[in-house]
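Chains as they are written, first to last, in my numbering: chain F, 1 to 421; chain G, 1 to 206.
Hints are supplied without guarantee of correctness; some may be wrong.
[Claimed, not checked] Reference excerpt, derived from the structure (chain F facing chain G, CB under 8 Å, subset only):
#: 1; residue: Pro361
#: 2; residue: Asp364
#: 3; residue: Gly371
#: 4; residue: Val375
#: 5; residue: Trp378
#: 6; residue: Met379
#: 7; residue: Val388
#: 8; residue: Ser392
#: 9; residue: Met395
#: 10; residue: Tyr396
#: 11; residue: Ser399
To be clear, the hints were calculated from the coordinates, so they are not data collected in a lab. Heads up, the beta-carbon is just placed ideally off N, CA and C, and yes, glycines get one too.
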Amino acid sequence: MAGSILTTLALFSLICASLAKDHVPVLIWNTQQAQGGLPAVSALQYINYGTFQSKYLEPFKPKNILLFLQDALSVEDLSSHASELHHLNHWMETSHSLYLPNVENAAHLAHDLPSHGYNVVVLEPGVPSAGLNLKQQDKNLVVVKLPSTITNPSRRRALQKADEVMENVISKVGAQRAFTVIFTGLKPSVEDRSEQYEERIRVARSLQAVEASPLTSFHNSSCVKIYLYNSTVLTLNEEQIVIDESKASGGDTGHCLNDDANILIKYQSVDFPSRKLHKVQFTYHFRKALGRWSLTHIDGLFDNDVIGFMPENSDISGIPLGLSYACAQTVKFGANETDQNGTHYGMILNGVQMQPFSLKPSFDDAWDCVGFFTVSIWMSLLATLLMVIILSIGMYMLSDIKTMDRFDDPKGQPIMVPVAD
Amino acid sequence: MGYVRSYVEYGFYLYLLLLAAIGIGYTITGQGERIDFGWFLSSASPYFFGALGIGLTVSLSVVGAAMGIHTTGVSIVGGGVRAPRIKTKNLISVIFCEAVAIYGLIIAIILAGILVEYKLGDEGVLEQNQLSGYLMFAAGLTVGFTNLFCGLAVGIVGSAAALADAADGSLFVRILIIEIFGSAIGLFGLIVGILQTSKAKMGNKT
Chain F
1 MAGSILTTLA LFSLICASLA KDHVPVLIWN TQQAQGGLPA VSALQYINYG
51 TFQSKYLEPF KPKNILLFLQ DALSVEDLSS HASELHHLNH WMETSHSLYL
101 PNVENAAHLA HDLPSHGYNV VVLEPGVPSA GLNLKQQDKN LVVVKLPSTI
151 TNPSRRRALQ KADEVMENVI SKVGAQRAFT VIFTGLKPSV EDRSEQYEER
201 IRVARSLQAV EASPLTSFHN SSCVKIYLYN STVLTLNEEQ IVIDESKASG
251 GDTGHCLNDD ANILIKYQSV DFPSRKLHKV QFTYHFRKAL GRWSLTHIDG
301 LFDNDVIGFM PENSDISGIP LGLSYACAQT VKFGANETDQ NGTHYGMILN
351 GVQMQPFSLK PSFDDAWDCV GFFTVSIWMS LLATLLMVII LSIGMYMLSD
401 IKTMDRFDDP KGQPIMVPVA D
Chain G
1 MGYVRSYVEY GFYLYLLLLA AIGIGYTITG QGERIDFGWF LSSASPYFFG
51 ALGIGLTVSL SVVGAAMGIH TTGVSIVGGG VRAPRIKTKN LISVIFCEAV
101 AIYGLIIAII LAGILVEYKL GDEGVLEQNQ LSGYLMFAAG LTVGFTNLFC
151 GLAVGIVGSA AALADAADGS LFVRILIIEI FGSAIGLFGL IVGILQTSKA
201 KMGNKT
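Next comes chain F alone, as it looks inside the complex:
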């Protein structure tokens, strides 16, 4: 109980944190210090500025800080352009380094540190750094603004240039003092929920962190639930059209009464090459009896004609109440009657899961259309059993054969067979 509350609070705080401000990665390293002894950072942690400064920057005991500020930096840049940033990788690997993937408002460092007694020197791109004057006793902060990357159409080249500039500056300036180098950005280069972001991140993320697209293929009303894996396919004579689920006018209605239940699913319009149907509605009828339910038929309303569909290949019946029917195969429905114009309709569901007579918001355990042992397997098992029984009786009788021992004489002479020369 307490555990679940804590988990929800933690998730909630993460969500709030993620929605609040932009986060940028921060890389800190110091070549003069020994590796190790740094607090662990998890990839999901969102670190605010205060924690960053007190908990993560302090262990470096930075006297002289060299701060590289890029206009835009994200975790994606560091991972996908790792070969362009090879100097950076080298420094991170060989020195006392720390990588913080999500820090809020990291660039505030440039404004905050002077209040902690740091002398600030700002190096612009293009300005020679030869005349840098750093006082020995003081704490110095050198801020280097890296060349603009947003305006550069090739991200790869922009990062390569940034890497070169960093290498340049560090080789010239870094020798003067034992610098703690920080590399960060003013804002993230890949915005959350932008197209690039969506493309690259893995699908494994919490459902609450991403706004769920409305599932139009899940139809739910009172006590009937239907979920279509792929859309319904409607055939008219020989033409086949996939009914676009986005055209489903929501508000599926249905009712359950005693032993019958139904659900009505409406679609706005379906365009066939030969004609356009303005109104397409399907009513699924279910019936329950003796603890089992079945789909009796589906009524399709096409403009003004009502056609009854019956399942053709797999029989949706005899499913115990409290279980949903799930089928990943194609379920075909055929109609006996035709409409006024004499057109034959057919309906195909490529994968469906349905459950009537249940008030729960989600599906119960699935009763699959294909069982583990099919009928054929049982038939062959029984036929084989019969043959095995016959074989075993035969073997039993064979093993029971006794040789005639009436004329055996244990004390008698053994038979001598003369060996012919």
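Once you have looked at the hints, place chain G on chain F.
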């Protein structure tokens, strides 16, 4: 060869264990409803039941006849060594056993004629064919098992008849009556089998 018997027994127990494991597996995973004999009986193909019926008819009858002739034949031949007069008279026991096999053969031929392919079309075709399948299977069991035990019975009685005849010639006619009663039970099986097959009709027409 004594160890073969134990292997056979163990094989049988292993098969039962496999069935039990399947049953437990279904029950534990909450799929107890899948252990459904009704589903099997209604979904299994009528061809399966029909063909099995034909096979069982003739094979079980012949097994009964064979065991009967085995028992009788050995006794006749053995008794005939010392009393050759019994040879011809006692062949009638063998004929009774053979008749049992013929009953099975007749029914099997009739059933084989009934087993025809069908195609689902009109209503009632499936039911008709399923009925025929079940009837053929049942006829196979009926005729097969009755003839099996009839053959066994007639065989043992025939063997005793041969030995008794070898000892005392007047006994044979009395013992023949016992054999006739024994043979009648095979006939009962045949009659019931005929009744069952008369209703069996496979095909596309209802």
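Now the hints, each set against the structure:
Given the 8 Å rule on beta carbons, the hint for proline 361 (chain F) is violated: about 21 Å separates it from the nearest Cβ of chain G. Annotation: aspartate 364 (chain F) was flagged as interfacial toward chain G, and the flag is violated, the nearest CB pair being 11 Å apart, outside 8 Å. Contact between glycine 371 (chain F) and chain G, as hinted, is supported at the beta carbon level, the nearest pair being about 6 Å apart and thus within 8 Å. The beta carbon of valine 375 (chain F) comes within 4 Å of a beta carbon in chain G, closer than 8 Å, and the hint placing it at the interface holds.
Interface restraint check: tryptophan 378 (chain F) against chain G, minimum CB-CB distance 6 Å, threshold 8 Å, status holds. Residue-level restraint check for methionine 379 (chain F) holds (minimum Cβ-Cβ distance to chain G is 5 Å; threshold 8 Å). The closest approach between the C-beta of valine 388 (chain F) and any C-beta of chain G is roughly 7 Å, which is under the 8 Å cut-off, so the hint is satisfied. Interface restraint check for serine 392 (chain F): the shortest CB-CB distance to chain G comes to about 4 Å, inside 8 Å, so the restraint holds.
A hinted interface residue such as methionine 395 (chain F) counts as satisfied when its beta carbon comes closer than 8 Å to some beta carbon of chain G; here the least separation is about 5 Å, so the hint holds. Interface hint status for tyrosine 396 (chain F): upheld, as the beta-carbon distance to the closest one in chain G is roughly 5 Å, under 8 Å. Taking 8 Å as the C-beta contact cut-off toward chain G, the hint placing serine 399 (chain F) at the interface holds, the least distance being around 4 Å.
The structure fails to meet hints 1, 2 from the earlier list, while all remaining hints are met.
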